[in-house]
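Q: Produce the entire structure from the sequences given, and follow the hints as far as they go.
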Amino acid sequence: MKELFIRNLPKTHIFLKKTRRNALRVDQSIKQRYFSTFEVRKLQIGSGNNIIEGWLNSDFLPYSHNVLHLDATKKFPFANDTFDYIFSEHMIEHVTYSDGMAMLNECHRVLRNNGTIRITTPDLQFLIDIYGDDKSEIQREYIKWATDCFIQDAPDAEDTFLVNNFVRDWGHMFIYDEKTLRSSLERAGFSDVVRCEINESRHEDLRGLENETRMPSGFLALESVTLEGTKLPDS
1 MKELFIRNLP
11 KTHIFLKKTR
21 RNALRVDQSI
31 KQRYFSTFEV
41 RKLQIGSGNN
51 IIEGWLNSDF
61 LPYSHNVLHL
71 DATKKFPFAN
81 DTFDYIFSEH
91 MIEHVTYSDG
101 MAMLNECHRV
111 LRNNGTIRIT
121 TPDLQFLIDI
131 YGDDKSEIQR
141 EYIKWATDCF
151 IQDAPDAEDT
161 FLVNNFVRDW
171 GHMFIYDEKT
181 LRSSLERAGF
191 SDVVRCEINE
201 SRHEDLRGLE
211 NETRMPSGFL
221 ALESVTLEGT
231 KLPDS
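Heads up: the sequence shown is residues 1 to 235, going by the working numbering.
Just so you know, these hints were derived from the structure itself, not from any lab. The beta carbon of each residue, even a glycine, is placed where N, CA and C say it ideally should be. Any given hint might turn out to be false.
Claimed, not checked - Okay, derived cross-link-like pairs now, SDA-like style, lysine to any residue, Cα gap no bigger than 20 Å in a straight line: (1) Lys74 to Lys144; (2) Lys75 to Phe126; (3) Lys75 to Val26; (4) Lys144 to Phe126; (5) Lys144 to Asn165.
What the hints assert, rightly or not - Listed next, with one range per pair, are the computed distances between beta-carbon atoms: (6) Arg187 to Lys74: 45 to 51 Å; (7) Glu137 to Glu212: 14 to 20 Å; (8) His203 to Ile138: 25 to 31 Å; (9) Asp153 to Ile52: 35 to 41 Å; (10) Glu39 to Met215: 33 to 39 Å; (11) Leu232 to Asp134: 15 to 21 Å; (12) Asp234 to Ile138: 39 to 45 Å; (13) Asp156 to Arg202: 38 to 44 Å; (14) Glu200 to Asp153: 15 to 21 Å; (15) Thr96 to Lys31: 26 to 32 Å; (16) Glu200 to Thr96: 25 to 31 Å; (17) Glu197 to Ile52: 17 to 23 Å; (18) Gln125 to Thr96: 18 to 24 Å.
A: So this is what it looks like as structure tokens:
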């Protein structure tokens, strides 16, 4: 997966790519073009290949000059109260818990009052459930798929190998459950934190965002937890 590839890139390679982007003023141009075009401002953190129309798509190491470079563990290059919505899918688990809190704090800072954040990330409860004895058909299918695709040394499609691989592979650093993600959002200042189904939301602008096509049908919903939180005035 992309995040693991990025973490293993030589630091000199990453530095040279950033230097070249800075010299070409790529990121400044992306921001100016976006802010001059859209009144409702929406930031996606960790876009990968999931480029969403009408959003300021960002990534640590962008694939193209249409995606903003953003290190989500550092201070964001935006003023306070800039965005109406923030969305991040399967990104926060690739940084440490403390860096994840730094990211959520920055998200709160750059959201406007009554703005909403939507975070989708792997769910620790999914791993606990899939390790149990009473497996559903989709859980068995998921184990078989993951073993065939990612776990070359597993003698059989077994839950133990899946769980071990899931917490170690793809650059995963911290796997959240609902209560920990909820408390993290609340510590960052967000209120009215609610759980949502994949691609469903109370807000029209936050519907249909998750990239379900990157794995077999139903698997993203099976392995994920999605929470939304609101920045209330004076929060």
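Q: So, for every hint listed, does it hold in this structure?
A: Evaluated hints:
1. Lys74 to Lys144: It is violated: about 38 Å lies between the C-alpha atoms, which goes past 20 Å.
2. Lys75 to Phe126: Outside the cut-off at roughly 32 Å; violated.
3. Lys75 to Val26: Holds. Lysine 75 to valine 26 sits at ~19 Å (cutoff 20 Å).
4. Lys144 to Phe126: holds (15 Å)
5. Lys144 to Asn165: holds (13 Å)
6. Arg187 to Lys74: 45 to 51 Å: Violated, at about 19 Å.
7. Glu137 to Glu212: 14 to 20 Å: Distance hint for glutamate 137, glutamate 212 holds at roughly 18 Å.
8. His203 to Ile138: 25 to 31 Å: holds (28 Å)
9. Asp153 to Ile52: 35 to 41 Å: holds (37 Å)
10. Glu39 to Met215: 33 to 39 Å: holds (35 Å)
11. Leu232 to Asp134: 15 to 21 Å: At roughly 41 Å between Cβ atoms, aspartate 134 and leucine 232 fall outside 15 to 21 Å, so the hint is violated.
12. Asp234 to Ile138: 39 to 45 Å: holds (44 Å)
13. Asp156 to Arg202: 38 to 44 Å: This hint holds: roughly 43 Å between Cβ atoms.
14. Glu200 to Asp153: 15 to 21 Å: violated (38 Å)
15. Thr96 to Lys31: 26 to 32 Å: Taking Cβ atoms as reference, threonine 96 and lysine 31 lie about 27 Å apart, which means the hint holds.
16. Glu200 to Thr96: 25 to 31 Å: holds (30 Å)
17. Glu197 to Ile52: 17 to 23 Å: holds (18 Å)
18. Gln125 to Thr96: 18 to 24 Å: For glutamine 125 and threonine 96 the Cβ distance comes to about 21 Å; the hint holds.
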